[in-house]
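Chain F: place on chain X using the hints.
The listed protein sequences derive, respectively, from chains X and F.
Once you know that position 4 of the first sequence is 4 in my numbering, the rest is easy, because the numbers rise by one and skip nothing.
Once you know that position 61 of the second sequence is 61 in my numbering, the rest is easy, because the numbers rise by one and skip nothing.
Where hints are given, some of them may not hold.
Claimed, not checked - Which residues of chain F face chain X? A few of them, derived with a C-beta cut under 8 Å, are:
#, residue
1, 9
2, 22
3, 23
4, 27
5, 34
6, 37
7, 38
8, 41
Claimed, not checked - Partial selection, computed: residues in chain F whose CB lies under 7 Å from chain X:
#, residue
9, 8
10, 20
11, 21
12, 30
13, 31
14, 32
15, 85
Because the hints were derived from the structure by calculation, they are not lab data.
The C-beta atom is built at its ideal place from N, Cα and C for all residues, glycine as well.
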Amino acid sequence: MHISDQEIMSRLKSSKEKDRAFQLLVTKYQERLYWHIRKIVLNHDDSDDVLQNTFLKIWRNIDSFREESSLFTWLYRIATNEALTYLNQLKRKSATPMNEVSEYLQQNLEADEYFDGDDIQLKLQNAILTLPEKQRLVFNMRYFDEMPYQEMSEILETSVGALKASYHHAAKKVEDYLNNIE
Amino acid sequence: MHNQEDTPIKLSEIRKENPFRVPGNYFEDFQARMHLRIEQEMQPEMKKPVRVIELLKPALSLAASFAAVFMIVYLPISSIQKRQLASDSPSSEVQIETDHYTYLIENMDENTFFALFNNGDSDEIPADESITEYLAANYSDYDIFMETQK
Chain X
1 MHISDQEIMS RLKSSKEKDR AFQLLVTKYQ ERLYWHIRKI VLNHDDSDDV LQNTFLKIWR
61 NIDSFREESS LFTWLYRIAT NEALTYLNQL KRKSATPMNE VSEYLQQNLE ADEYFDGDDI
121 QLKLQNAILT LPEKQRLVFN MRYFDEMPYQ EMSEILETSV GALKASYHHA AKKVEDYLNN
181 IE
Chain F
1 MHNQEDTPIK LSEIRKENPF RVPGNYFEDF QARMHLRIEQ EMQPEMKKPV RVIELLKPAL
61 SLAASFAAVF MIVYLPISSI QKRQLASDSP SSEVQIETDH YTYLIENMDE NTFFALFNNG
121 DSDEIPADES ITEYLAANYS DYDIFMETQK
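Next comes chain X alone, as it looks inside the complex:
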C-alpha cells in the first residue's frame, strides 16, 4: 500500500489517527532508515537500538515538525544524528580517540553474524572506517545509496559543492587504502 508523506502528515495531526499514521510512517521508512544507520554503526544489534531511538525521537517531536523540509529529509537527519550520537557515546565511554573507535567498529563488523560480505567487501568497509566522520557519511550515502547531492545537501545541511569535494576525497582515500593494504 503506497501512502504519500503528505497523507501521513495530515493523519498524524489528527489525534484519532495519530497512532495508525505513525505505524504507516514506520512501515514506509523503517528499511531505508535501518540501512542508513547500519552503514554508520555497522553492527546489527546497535543499528536496531539506534533505529528504535530514531523512531522514538520522531514520535516525540512529530508535533513540532514544521514541514519546512520534506518528511524524508527530516527523518534522515534524525537517523543520522542518532547514529552519530551513538558513535560519540562510544568515544566517551572508552575515552579513546576516534581511530580506536574505528578499530572497535572494525572488530565488531568482523564478529557480526549478520555480515555476509566477501573479502573485498570487508576490505571496503575497513577502508570506509578510516575516513573522517563526515566523509564516511557522504561516501555511504553517495556510493551505496546513490543519493542525489541535492538531497544529501538538505539532510547534512552542507553545500552541494562541499559534498562533491568530500566524496571525491573519500573515494580517493578508499581506493588508496584498497591498493595498499596487505
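Only chain F this time, still in chain X's reference frame:
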C-alpha cells in the same frame, strides 16, 4: 600488500552490493516492537493519577512566594517604622507625666482644687444663694462684719 604492478583496484569495478543482512522477519517484527515501545513511553503519562496536591501545587507555590516576600520585605519595614515612632514619642515619658498630675490632684484639698479649677479662667458669676451658703458655712457673722468695715 597489494601488488602495484597488478591493475589498481577501482571503486567502479567493485560489485556494489549490500554485504549486510538482518535476522529473519526483522522488519515484520520491528513495527510491533516499536508499537510496544511507544505504548510504554506513553503509559506513565496516561496512568499516572492526578492528585489534588499536584493540582494545588502551583497555587501553593505562589502563596508561599507571597508569604516569603511578605516576611522578607514587609515585616522588617514595619518593625523599623514602629521603632522610629517609639523613638519620636517615648511612652515612658508620657506615663511619668500622667503619674505626676494624678499625684498632684490626689494630694490637693477640695478648696484648692476648686480654686485652681476656677482660677479666673471662668467668667461665670456665682449665684447669690451659693455665695450666701458659702459664707454661712465658712465665716461667722463677726468675720463678715469685720471684713465689711475695712
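Broken hints, by number: 14 and 15
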